[in-house]
Amino acid sequence: MHSDKKITREDTWRPADLRRHIREDGGGDERKHRGGESTERRRREEKDSRRERDKQKERESTRERRDEDERDRHADRRKEGSRDRRGDKERDRRDDRDREKRRERDRVVDGKRYDDDYKENRDRRRDKDEKHERERDKESHRYREKERERDGERRHEEEREKRREERDRERRREEREREHRTEKERRRHEVSGEGERDRIERHEREKRERHRERDRRKDENEDKRNGKERRERHGDRKNLELMEEREHKEEHRRHKDERERRHTERGYHDEKQKHDSESRALRDLKGTGEDVRRHRGDKERGEPDKHKERRRREEEEEEEQERNHHRDRTSSKNSASDKSRQKETKTEDAATVSEQQTTSVKDVGDTEEPVVNDEDLADPEYEDDFEKLDYEEDFEEMDESAGEGEDEKEEQRLQAGEEVEELTAQRRKEIEAIQRAMNEENERVGTAQSRQSGSREEEEDGPKWSRGTGSEKNQSRASQRGKFIDFMAAKQREVSKKVATKQKKRSTELLRLIDLDFSMTHSILDLPPVNEYEMYIRNFGAANTKQAYVQCNEDNADRDIQTEEIEMCEKWTQHPPEHKGACGDPNLSQEAGDKTANEANFDSKHLTAFLRPASQVMVVLLEEDRAESKSLRKLRSQTDALSFSDGSLQLNTKLPFLYGRSVSLVHFSQVQRHTMMSVHGPTTKPSAVRLDSCTIICIWNIWEPSRPQKVLVYESEVQCCCFSPGKSILVFAGTSVGSVVLWDLREHVGNHYRLKIGEDEWTLRQPTFSTDAVMAGSGHFSCVTSVEVVPSAVAGGLQSEVPLLASEEESSGLSFQLASLDESGVLNFWVVVELPKANEAGSPTDLGLRPGGKVKLLHSSSLLTAERVSPRDAAKTGPSQSLHLKFLPTDSNHFFIGTNMGLVNHGTSHGLKAPPKFYRFQEAGIRPVDISAIHFSPFVQHMFLVGCGDGSIRLHTVSQEQPVAEWKNSTDGEPVVSLQWAQTRPAVFCVLDGASNLHIWDLLKNDTEPVVTERIHSDRLTAMAVFGDSGQQNTYSGIALAHESGTIEMHYFTRSFTAPVPEEEEKLERMVTEAF
Amino acid sequence: MTDTDTYLIRPNHQHKFKPAIVKECIREIVRERLSGMQYDPEEVPELSRSLAETIKDKVKQSGFERYKLVVQVVIGEQRGQGVKMSSRCLWDADTDNYAEDVFMNDSLFCVVAVFGSYYY
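Chains A and B, in that order, give the protein sequences. Read in the numbering used here, the first sequence has 1013 at position 1013, and its numbers run on one by one without any break. So the mapping is simple: the numbering used here equals the position in the second sequence, first residue as 1, plus 10000.
A couple of the hints might just be wrong.
Derived pair list, reagent style DSBU-like, types lysine-lysine, alpha-carbon separation capped at 35 Å [as the list claims (entries may be wrong)]:
| # | chain 1 | residue 1 | chain 2 | residue 2 |
| --- | --- | --- | --- | --- |
| 1 | B | K10084 | A | K498 |
| 2 | A | K727 | B | K10084 |
| 3 | B | K10023 | B | K10084 |
| 4 | A | K502 | B | K10084 |
| 5 | A | K727 | A | K605 |
| 6 | A | K571 | B | K10056 |
| 7 | A | K498 | B | K10056 |
| 8 | A | K854 | A | K605 |
| 9 | B | K10016 | B | K10056 |
| 10 | A | K756 | A | K854 |
Derived by calculation from the structure, the hints in this document are not laboratory data.
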């Protein structure tokens, strides 16, 4: 029955199941019979059955311990009821618990022993029941005391009545019959009054009769009460609690009836009663089928019918009350009579006596009740007190169970019928109302109880035990007062306690094995509040549409909202911002047209100021362009058949103002090697331009052959010229009229005379400074033959003053001296001075300076170099002429002057004279031979070549009077016109003779005659200049040839003359030293 | 004594409370019952009760043996208010677990939390 498996199942059961299970355990074999009955009903049945059992037990217990009880009663009477009651209750509970434990243990025992156990349990429970009884007794004692006080007289009367009754028993029999009849009548009246009530009544009666019938059968079998009861339970399970109650009541009554019938002399009463009941039973038997069916139907009607049932019960109770009311008197009489009978007659045997004793006891119990009921009837105010009513009910039940068996009661009931009749209708109604109220109360209590019992199991877990007891307390109290005596609850409590202890044990064992922990706080729902916009959309937006995008153009944020509209305005500016017109506004200029016109003139000056540096930048850029397009030029010059030439180009000299002029000089700048200057002498042929008598000097950029960069004009013939050192910004020239002039090439075009020839406009620059007639005392009085820049490099510590001056000059960008030599041998030194500011109006003191010019010459010193020519020699050779001036490149103190005596004089500008005094031919003596050219080697700077008018060429070193080498007939006697070292090869030099033959020497290849000799006869050469640049990566070298016709050709040397041979200088040096 | 001292302290793997499955149960039922529903204060108490019952039954069928289930159903009206719900349990984290699912429509939200507590 209680296997392990079952236990586990029990553990996992739901409360309802568990309850059922427990009940099954409690009910033992009941379980077998219980099919699909509703738990509620079952519970009720159970309760009822238990109540019945309890009642029986009560009875037994009372029988057994009557004396004790009585003693208790007396003792209790002294105590205060309520407190004791509570104490008892608690005791009860404790007892219950103990008993439950015990029972649980017992329950494990074999099922067969169950009945025995059950009995034991019952016995055990008897104690509890006794206590209940005692409580009730206490209550009843209280009433009884009152009652006794009040009804002392009444009792006497009653006793008297009893006696009278005894006497008039026969009469009373008749009366009873009458009563019976009246009762029937009453019933009939009731039927007529209330159909339903009647029906119920009848139904109940039928039930009762049926039970009675069955009981009779049982009685006949002489079963024990327990057995009977059990059988009843088995049999009548289907019936309502009411039925059962009644059944038991009736049963007991009948039982006693029978007993009494057997033992008492008043058998005929019983018989009559029996007849009555039998007749009822017969009736019942006839109508059983129907009625039962009807009854079942009622039952099945469920809840609403319950009400009816309740009403039925009410009525019954009413009846019973009435009955009791009668009974109380009769029973008291009876008890008295019984006692008297016991005392007086003592005819009965012991058994009967005992039985009678029980009955008497019951009578005593009964005597209590009637009083209560009397009270009930007497003071209706009391009836409002529901508790009291409850108690009454309890007593009633006891009564019903205990004392209803006696036939006297039947009589009493009949009597009561009389009295009921006597009662006014109003009274009855009152009673009914009371009954109803009572029942309502009962129901309430009942439901509360059931609910409590339902929830109890959960409550009774370990920690809540104390609370559970609290509720139980309530419950027990409630059950005490209700019709539902809480034996069921007690049972449940017991069982649940058991379960709880079991679970507690479990939990303690399990808690060792597991550990509980707080989980993290799980966020189940986090619903953020909807923002206002969404709310709005939801409430007022269109249904079934969702706005996915908002039309607020959020991405089109305008961050510049606070700034003003951008104003567009055109302005121009120009660099350098030298005056207010450096910037302007086109709109404004349109408005003020006059102003702009003025400004236009004004601007031109500044424009040139801007253009001057800009043009140089442009020149450099163009240079680079030229260098790149070199190969192109080579191709272009293929036509020329000059053997040394690697290509050539022709400068565009076909300019109107150059027409018919021959080139007398070609000169290259030593620094800006691409800058070339050509001197076009005055022409004899008349031309369109009025410049015939003037000498025109063109400044060329050899990369820009199309036109000369600058055109310089001078009124007389220019004999010699040179560039300023460093950048070619100044041009110096010596003229045939003995003046030294300079041009400042930086001067603005606008300041010069512009000549418009054809479409082109040419600016013809007049000299910036001229010594003409200005420095009469210090100038030249004869034709200036040579102008040379004194090199700033000063060797040795000889020149102490010059560097001081030079450094001063240097700071202003022009730091050099100029030397000019005239035919008479006067060597003038000039200091080139740049004025810080140009005077547009012209200088009042410096008349040689052109207005607006900034550079002028200051006469520094003058030297007469021709003095040394002895008069004897002069007489022999005519007046000495100084024809050529050169300075030693490494030491500007030394100058060399070529004379017409075939000698080159060597002098120093200051300090001691240095040997040799002059350089002569190899053979001694002076010959009237013009020195036509002197040229220092750009590589070996102490070596220079001297070309003579007789065609001989000498190579000198500075230190030697005699030449290193002298080539006398290399030009076939033709005078040397020009002689120059090549710029890129130390051992190469070019010679142009008077017969327009060009000789190119390469001393490494041949030191006796020129390597190349070109004879140009078609257009005679009038001048030539060698150019080249070896220092840069772009090595080039060439020769500029000026023809008679005025054309200038630029020939690039072939590679053999351009590319330097390794160790060339050393070889040249060796050759020179070998020569000595 | 009939009590044996052996306890099943851990559920079998296949009987373990699996939130994913439970969640699916909840989702299914709640979707079925609540989709298109309008919040009605009159019927919501009954609705939530019956939902809880249905979910409980459904979860029971999922075979989480020896699990005691607590189903909490909260249905609230949605009127744009913020709602925050959280739970905290004292339990055995090894065996016990919970699953929750939220259903929402325009007029109501329903939060169902099922707590499974292992009965040792």
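Check: Failing hints, ascending?
Finding: 1, 2, 4, 6
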